[in-house]
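Participant: Heads up: the protein sequence lines correspond to chains A and B, in order. Counting in my numbering, the first sequence runs from 24 upward without gaps. Counting in my numbering, the second sequence runs from 85 upward without gaps.
The hints are simulated quantities; they were obtained by calculation from the structure and are not laboratory data. Don't take every hint at face value.
[To be verified] Pulled from the structure, derived: some chain B residues nowhere near chain A, Cβ distances all over 10 Å:
id, residue
1, ARG166
2, LEU400
3, ARG423
[To be verified] Pairwise CB distance ranges (calculated):
id, chain 1, residue 1, chain 2, residue 2, range
4, B, PRO307, A, TRP58, 30 to 40 Å
5, A, TRP58, B, LEU283, 52 to 62 Å
6, A, GLY61, B, PRO206, 29 to 39 Å
7, B, ASP512, A, SER72, 23 to 33 Å
8, B, GLU306, A, GLY202, 30 to 40 Å
9, A, ALA206, B, PRO521, 24 to 34 Å
10, A, GLU110, B, GLU306, 24 to 34 Å
Model, not experiment: these values are computed from the prediction. Ideal placement from N, C-alpha and C gives every residue a C-beta, glycine not left out.
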Amino acid sequence: MSDDGGWLNRYVNTLPERGWFQFLSKYVVVPYWVWREGKPKLPGGPRPSQQPSDSTQRMMNLLMPLKDPSPIGRAKAVMALAQNVDEIYAGLDNVGTVHSARFLLVEDYICMISVYDGDFSNYIRDFIATIGSVFDALMQVVEGGDKLAPCEHNVEAFIDWVRAHDLFQAPDFPIEMFGLQDAQVGKVPNHPPHALQTLPRALILQLHANRNISLGGGYRGYPGFSAAQIRQKLGVGW
Amino acid sequence: MFDLEDTGFDPEKVQGNILRGYRLNRVRHLMLEVTDRHAARGFLAASADGTKVDVPRITRSADWVKSLRVRFNIGVTHPGLRALGLPADQLASFPIEFSEGMARRAVKLGDVGTSAPGHWAPPFDTPDRIHIVASVYADETEAFDTVEAQLARAFTVLGVRDGRNLDEGKVFFGYRDSLSQPRFKHVFDPDELGVDEPLDPLGTILLGYPTHFEGVGFAVPEPRVAFRDSAFNAFRVLQQDTEAFETYLTEAATYLETHPKVARLLPEGAERNIGDGLGRHAALREVVAAQMCGRWRNGTPYALSPDSDAPGDLSLTNYDYTRASRCPAGSHMRRANPRGGPIVQRVANFSRRLVRRGMSYGPESGDGEHGLLGNFIGANYGAQFEAIMCDWINFGLQDPEITGTNDPLLGANQPETSVFDLTLADGDDRIRLQGLPRFVITRGGAYTLLPSLPAIRHLAQLTG
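Take these sequences, add in the hints, and give me the full structure.
Facilitator: As structure tokens, this is what we get:
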């Protein structure tokens, strides 16, 4: 925005607040840009990293659409998990890389929020191998889950599905969005470089493709440690 | 729907370089581009069934009993399947790791810095052009040029890599290699007699069979009847910086010689039991090398014999790790195959095993790049090769003591941050080594499908 005090600049600076301009942006400008250079959906979960502290306490925000979002359907989802609590604890124990996990019913989704160490696909695969039946029960109440059960026989497809439903984690530095968008379409990131003033548009277009996102990879109160390191330090076995 | 019957293994359907190694001492790997798909399909058709004299026949498992002077196998990349004309719906039935290819999985594999795909040697710097990696095995090199000329009539040869077995089964770092491999109940392998590790189900390596995990099967690409009995391979060109490695051993030995705890690393006098009887400094070099690998360089397992490399009556393969094991949790072998030892991911013991076959390339020593041409074979990249590379080799997630550190031999180490803890006799005390550089640099590679014979015929008869 310009700080030149001319009348035109002052008017332009007020545009984002004006109703007609907001209407135009929402219904004409954004759809036009989506048509012209829409962004592909970016994959969910944390990105691979060489930085050891990035590879512990990683966040999963899995949004699974409920097959039946009515109170009856929601009750079925609650029951599916309530009947498997023992299995979930057994799974946590044997997989060994999970700090915590919880399930939420929010709007039309059943959400699994968890914190785990290491690679995403190993975490899911080890869970399938250990307590695949819990996922199978869950898939009964989830939209599109039928063709993934039994997950023991659809390991690859199940992992791909989870990755597609795990929220994209926006980079902590917004400018890195450009590079991720480039890489997703097979281009060399930031080559050629992007003009900084196009960042808001890049972000809006990405939020069109990824409606629900995680703002960054989450914040920790202390440097990353693995679940096993914490258990070892506290003397509770690993 | 999912056939988990452990039956129907037909050695005529499986390429011969998967379940057992050949006893041939030389290899030529040829990186091929399909520029004429009709010629390429014609070659594959003739190669699958040996119908033409000027096309090498694919060696299958059934051929192990034959004494062949030349053996021939192929691997096909995802761009290769597309170039041969595999329909889009069938292409889409392959796992994401394979369809992305090795170069796009670089960060997960630790191929960063000098090992990043941008620095790979030709032709690996253009990964989408590598369609087929053909491998010719022989004892004499004459056969290589003959087969290369035959391949060049059907494909564009982008590059070749020649490998050979070094004396005494060693690699350039001086270790005896390939001592421990998965073994299968369907396969009689004289090299595996007397090994007491658990038998591996065929689904560890081949598509369409039960896996180590009860009830879990990995997806067979479409058409399943064709791609069953195939396997996935990570072909790697791994440069070994022998000079840096030997220099590091010397520096570490010098540091250790005056270390107050050194007597608990190697008791005074024990140096006489190492090699032909070494001096203190030379022996400490070998102790460091042994702890880094998990074996003394002659192959004797460090876990069984921490104070001497004499093999005696010790088994090279029959042992396990415990919490009190002298073999460091961070050693290369224990990272790659923790056996039944304690690991964080308790379900994963024995489940990430893969077949490793490799030969050395490059000049003996001095000037010139040398290293290993490795094939790392399994039924699922994500569950085996990548799982080992990202969580175990380069992160150490399997044991809290080593979490955050990389494999001392193979890892993506940087001297500023790298550490390796040497175990000592009695107790949990350690001597920490620092400043390890990266000793193994990735120079190229490709994810290839080692197609079954029915799959090769399927590819050969594609139209369009």
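Participant: With reference to the structure, classify each hint as holding or not holding.
Facilitator: For each hint, the structure was consulted:
1. ARG166: 15 Å, holds
2. LEU400: 29 Å, holds
3. ARG423: The assertion about ARG423/B holds, with a minimum of 17 Å to chain A.
4. PRO307/B to TRP58/A: 30 to 40 Å: 38 Å, holds
5. TRP58/A to LEU283/B: 52 to 62 Å: Given about 58 Å between the Cβ atoms, the range holds.
6. GLY61/A to PRO206/B: 29 to 39 Å: For GLY61/A and PRO206/B the Cβ distance comes to about 36 Å; the hint holds.
7. ASP512/B to SER72/A: 23 to 33 Å: 30 Å, holds
8. GLU306/B to GLY202/A: 30 to 40 Å: At 35 Å between Cβs, range holds.
9. ALA206/A to PRO521/B: 24 to 34 Å: 29 Å, holds
10. GLU110/A to GLU306/B: 24 to 34 Å: 32 Å, holds
Checked against the numbered hints listed earlier, the structure breaks none of them; every hint is satisfied.
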